[in-house]
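K.L.:
Please construct the entire structure, taking both the sequences and the accompanying hints into account.
What follows is each chain in one-letter form.
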Amino acid sequence: MKSIIISFFVIIATTLSSFGQQEDAITKYFDKYIDDTRFSAVYISPKMFNMVSKIEIEDMEPEVQEVIASMKGLRILHTEVNTMQFYQEALKTINTNEYELLLTARDEGENVRFMVKSSGDIVQELLMVVGGEKNFALLSFLGNIDLKKIGKLAKALDIENLHYLDKLEEKN
Amino acid sequence: MREMSNAQGPEGTYFKMLAEARKSKSSLILDDIDAYNLKQTLNASRTTVRPIYQWMASAAAILLFVLSGLGVWKYSQQTTQAPQMAETYDDPYKAYEEVREALAFVSSKLNKSQNEALVNIQKAGEYAEMFK
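If you're matching them up, the sequences are chains A and B in order.
Quick note on numbering: the first sequence equals residues 0 to 171 in numbering that gives the first Met the number 0.
Quick note on numbering: the second sequence equals residues 0 to 131 in numbering that gives the first Met the number 0.
If you're looking for bench data, these hints aren't it; they were derived computationally from the structure.
Where is the CB? At the ideal position from N, CA and C, for every residue including glycine.
Check each hint, because a few of them may be wrong.
[Unchecked claim] In silico contact screen, one side only, chain A against chain B (beta carbon under 7 Å); selected entries:
(1) Ile11
(2) Met47
(3) Leu73
(4) Leu102
(5) Ile149
P.N.:
As structure tokens, then:
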């Protein structure tokens, strides 16, 4: 009887903890600020990615098509208020056990961090954190991310889209 | 009763008889009760009642498992539905434009960071091979 009770509690505890891990810190971070008016946010669901990969678009580069087909989601948060504070908060929120730091760079006064969440050799999420005096942005690309292909995209698209964040703010 | 049996006269004998009859009758009943009680206590001390408890315990355990299973299932459904954020674009063409620009941004930033090659931590060296 005692063993039944003990095993019961053990099963409950393990199942509950596994469910708790499902929602990662970044998702919570997005949830926290997605309705905040200081932030401009973009969320594109797996369903929408499915639709995008099905529609026919003229002049769609095969490289882009390939990357989009492998993607499952896109989440973007951007703000121009309290940028460094949000940057520090985001870095604290990111679980370093889950996300591996890929690259850090300082570019025109902006800190850029690339992080990846991977299982084995497959990158499941590419997380880009940008923090500077003017901008704070968090970009999360979900899916089977091929970093090599993403790296080649800029050449394929023939655009240096370094001021994307400014454009993002104008649109919202 | 004793007071009654001590009484004298014809009424006295009657009461005596009655008392005796009662006594014998009641003692018979008392014996019956004693025997019954003994039987009960013997039964209780034996293992004849235990299987019922065991059956009840397993039934309660099964009930708990089923209930907790239901609870966990409902909880998991809640959590899978909760993180869904509002879709930004309804039009896949607009979504495509956004994804395209975001990808171009990440790609160019990634290349720029790569070229500068400021810091390589942990597995960065390994990944650097991937970009060549």
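K.L.:
Hint by hint, note whether the structure agrees.
P.N.:
Against the structure, the hints:
no.: 1; hint: Ile11; verdict: 6 Å, holds
no.: 2; hint: Met47; verdict: 5 Å, holds
no.: 3; hint: Leu73; verdict: 6 Å, holds
no.: 4; hint: Leu102; verdict: 5 Å, holds
no.: 5; hint: Ile149; verdict: 5 Å, holds
Every hint from the earlier list agrees with this structure, and none is contradicted.
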